[in-house]
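As a plain string of letters, each chain reads:
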Amino acid sequence: MKKYLLLTVLILFFNGCDESFDPKKNFTEKYLLYSIIKADSSLQVAMIAKSFEVDGFNPGLYQGNPFEAGSTVSIYNSRTRETTLLSDTSATVLPQFPGETPFYKAEKVNPRAMDTITIVAVTPTGSTLVGKTVIPPPPVLRLSNSQITTVTNDPNRTTWDVSWTIQGDFIFVPKLTLFYATDKNGVVKGYRIEIPLTYIDSDNGRIPFYPSSTRARGLSFDFEVIDDIMAQISEGDMDKFSYVIQDAVFELLILDNNLANYYSSTEGFLDEFSVRLDEVTYSNVEGGLGVVGSTSVITRKVNIEANYVQGFGYRSRL
Amino acid sequence: MKKLFLISFFILFIQIFPQATNEAKGGIVRGFVADSLNGEPIIYANVFIKGTNLGSPTNTTGYYIITGIPAGEITIVYSYIGYHTSEIKTTIQAGDILQFNVQLLPSTVELEGVSVVGEKVTVKENETDIGLERISISDIKQMPKGVEADLLRALQYVTGVSTTGDVTSRYYVRGGDNEQNIVLLNGAPVYNPYHALGIFSVVDPEIASALEFYKGGFTAEYGGRLSSILDIITKDGNKRKFAGNLQGSVLAMKGAIEGPIPHGSFHITGRKSYYSEIMKKFLNNKSAPFDFYDFSFKLNYSNDDILKNSKFVIHGFNSRDDIKNNDMLKEDYFLKNAVYGVNWYQVWASPLYSYMTFSVSTFDAAIIPNLSDAKERKNSVTDLNSKWNFTYIFDEGDELGVGFQNSIFSSTLDQENLQGGRTVIDGSGLSMNLYLKYKFMRIKNFGLDIGSRIMLITISKKRAGFLEPRISATYKPFDWLTFKAAAGKYSQEVTTLSDENDLLSIFEPWIKIPDYLPPSEAWHYIAGAKIDLPGNLFLNLEGYYKDMRNITDLNENKYSANDPDLVAVNGYSYGLEAELEYRYSIFTAKAGYSLGWAWKENNGKKFHPRYDNRHALNLILGVNPGDGWNMNISWSFSSGRPYTPLDGYFYKMRVSDFWSQWYLFNGFSPGSLYGDKNSERFPFYHRLDLNISKAFTFYFMRLTLDFSIINIYDRKNIFYFDKETGERVDMLPFLPSLSLKLEL
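Heads up: the sequence lines are chains A and B, in that order.
Under my numbering, residues 281 to 598 are what the first sequence spells out, in order.
Under my numbering, residues 45 to 788 are what the second sequence spells out, in order.
Bound-form chain A, shown alone (with noise of 0.2 angstroms):
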């Protein structure tokens, strides 16, 4: 008896000991810069936030607008030695935030391949955030076959393949897209389809898989899949002498490091049941955190063999 009494007395006495717990320890205001320059535009853009605090644990519940002007943000090219004052007078809406989005611009900004481009942003409260990058290279491209087409001699070959070649740590981003229009009674529209890589079999029938974010320096898209988008443009139409195919345009966006190290660290994947701590979001923000990067863009014109286009009864461009 006096056993049972001594376990009850010890269960009530530690069930009621659960200690509240607060991860949450010193909150300390810190500012982020936020800026991805544009090989291919003269317009940039740059963004100043403040990290905050809730309560609770659901950042979500956050009501304000992280994000704010007033600060004096600078780009500066080291080989023009040109620095650029951004203005903070233009604001967006982004649906997440309450009101408008100020962000800091400045036009007529065109930098080059190579160049060094430095932001500097001096926040109201008088703390300094730097943000470095370089402008990545063009990368030479080489393609399996200058024009596209599925019909060739080659049993073993199966796919139009694009490859390229660069110098440094970079992430791709490639897409094919296919040009064409429509000429009916003389009405003439133009559409474009990208194309994927391939098809994948799944429950949910078949599923297009189209280039992703990769380091990989090339890839191939498949005979099948070109003829399947190739017939796919007129399905369900007889009219297939009223098709005109264009051509197709191969681009290449190239991410520079900062950009790629950044999208890595916030696009993570583990699984489903492992559970890793404290993962580091990637910064290059010194005095703060963020990212400062750029982007390039290459683009390349490619014809659709004549034969090939009208082998589906289309009229070639050509």
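Simulated from the structure, these hints should not be mistaken for laboratory data.
Mixed in with the good hints there might be a few duds.
[Stated by the list, open to error] Derived pair list, reagent style DSBU-like, types lysine-lysine, alpha-carbon separation capped at 35 angstroms: (1) B:K760 to A:K305; (2) B:K650 to B:K419; (3) A:K330 to B:K574.
[Unchecked claim] Pulled from the structure, derived: some chain A residues nowhere near chain B, Cβ distances all over 12 angstroms: (4) S300; (5) K310; (6) N390; (7) D395; (8) T403; (9) V410; (10) S443; (11) S514; (12) M518; (13) K581; (14) V582; (15) E585; (16) F592.
Since we're looking at a predicted model, the values are computed, not measured.
Every residue, glycine too, gets a C-beta built ideally from N, C-alpha and C.
Add chain B to chain A, keeping to what the hints say.
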């Protein structure tokens, strides 16, 4: 120079044996001690010459040897708790080598169906065994179970062993990382000793006959890891009759069969999971479609007509874990271990004992992404091992040990990174190590084990050193007081691609430490005292300091394929441990307390790793009232684990549409801002567990019903805090479990 040294050593070694034999002034008694009912070797049985201070415990094969016995009539006494004591009277002359293979009959207590609670292990008074825990299998079976009796989980009750949470059976020894521990199965390494995210161990306690767990300061015959060695010796199998058992828990079914073969025996076990829903208790209520099995076999052969005093063992072990989601949009996993080996034990004509092992251990694991966002990863490890260990025992009781150990290790890690880039980290190499040690045991109250490992060839290009000196000493100034101390250098050339931040990890690849890093190394310094207090109380005190260099951690700043996966960091740990043990009649009580500090230092910043455990207290009370009943209750208390505090939130830019003109406006998602790494601690951890078992005979079967409760008072011990979601995840809740064992 090195070659000359080796050749000189071997010449010396070969010369010593005949010389020592010729100079023998006393007689030698040796042999094996086994259980008379099933023929299993009795490990740590006490053998001594009546009326003298000469004696020796049996080793893990049941072998004993007593040297320097004065000529005349002697009585040899064989005893072990739970067995009838046996005596042999004989006459011995100087230079005689008498062999007695003895079988002990289990005592009447045992025959009435009461298991022995907490077998007290017998060792020589001057045994140099600081840092060594001899763990009784019966103790493990009687520990409260989290669903399954678990060998590695039971280690967490050993003083100086910590975890990052009771959900996992991964263990950390005296401030060293998990990968610094090695599990040996009959001398062969098991690379992934865990089932199901590390929640259970692959080695079922049913297959083990003895465990030797070195927490540090291990002597020259052991190497390859910085922190601990767990040496599991499996059962030989019943040499008298065929027998078998079946056991079921809510998680798995398992069975074993054993029996005699001509000149030997066999023992085969198997376990298969069948109900993975119970895993929800361990995985924060997530369903995990785990499916695992393990299988082991051991064959023993000993035929004096072919080779006198020899024993050959062929053993094998297989385990496999699968996670099959049966959904092409989710990834699948598999992990498998395979260990096969041949062991040869030989007692030679002179007082020389040899132990040779040849083994191959493989580990394969893969993530199969299917159509999910997961990336393909494959890891493959092969370790071909051979060990040649010789122990020569001099007439005065001193021992000379020499061994040659080599390993051909190869590992491949083939993985696709987030952006589809493939990297292959492969490495292979040969290690050839020699060890040489002299165990000075001729003085009854003083023992000294001094030696070194000689790293002839290392797997790593950057070797940690040529010599790894080891020393271990024991001094017993009074009958009630023994001082012990040890020091040594240790190195490690393989590592995992994970660290203590991986609280749960399915995929934990093993690789050779890459050539851009030096191998890890450590120095251990240990000192302690053992005090026999009045009234069946034993107090064991140990203090340690461990200095670790070039230990591998994941590179937190790896963002691209070109960044190294691992970085070398330094660390050190120190602490004090106290164990108090009381044995009387049907009661066993143990209390273990450890006070420890563990540090890591990376880029000039010092921090406590997550397994740093400042205070830990384990109290265990066992009662064996007879009639098949056993009760065990344990209470564990420890400081909270370190964690990195939350210093606020920020909005992360999401790069979702690469082709958008306005990247910055793609969207933002909230993220957490961290404070200094592991600078705060969770609240105290404590938990009360209970185990009750009852064995009884039902017709021709022996049944054992086992009931356990983990966390009786449902203490909410925090496991981790998900800073991204704000979710607090606790460790094991109130968890009752039942298992039934049926023996034929």
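Evaluated hints:
The straight-line distance between the Cα atoms of B:K760 and A:K305 is roughly 21 angstroms, inside the 35 angstroms bound, and the hint therefore holds. Of the pairs offered as hints, the one joining B:K650 and B:K419 holds, with about 33 angstroms between alpha carbons and a cut-off of 35 angstroms not exceeded. Distance restraint check for A:K330 and B:K574: the Cα-Cα separation of roughly 59 angstroms exceeds the 35 angstroms cut-off, and the hinted pair is therefore not satisfied. Not every C-beta of chain B lies more than 12 angstroms from that of A:S300, the closest at about 8 angstroms, which undercuts listing it as non-interface.
For A:K310, the non-interface assignment is contradicted: its Cβ lies about 7 angstroms from the closest Cβ of chain B, within the 12 angstroms cut-off. Residue-level check passed: A:N390 sits 15 angstroms from the nearest beta carbon of chain B, beyond 12 angstroms. No beta-carbon of chain B comes within 12 angstroms of the beta-carbon of A:D395; the shortest separation is about 18 angstroms. The Cβ of A:T403 lies farther than 12 angstroms from every Cβ of chain B, with a closest approach of about 14 angstroms, so its non-interface assignment holds.
No Cβ of chain B comes within 12 angstroms of the Cβ of A:V410; the nearest lies about 18 angstroms off, and the non-interface call holds. The claim that A:S443 lies off the interface holds: its Cβ sits roughly 14 angstroms from the closest Cβ of chain B, which is beyond the 12 angstroms cut-off. Non-interface call for A:S514 relative to chain B: holds, since the shortest CB-CB distance, roughly 26 angstroms, exceeds 12 angstroms. With 12 angstroms as the threshold on Cβ separation, the claim that A:M518 sits away from chain B holds: the shortest Cβ distance comes to roughly 34 angstroms.
The non-interface label for A:K581 is consistent with chain B: the shortest C-beta to C-beta separation is roughly 17 angstroms, beyond 12 angstroms. Distance to chain B confirms A:V582 as a non-interface residue, since its nearest Cβ pair spans about 18 angstroms, more than 12 angstroms. Once the 12 angstroms rule is applied to beta carbons, A:E585 is consistent with being away from chain B; the minimum gap is 27 angstroms. With a least beta-carbon separation of about 28 angstroms from chain B, A:F592 lies farther than 12 angstroms from that chain, consistent with its non-interface assignment.
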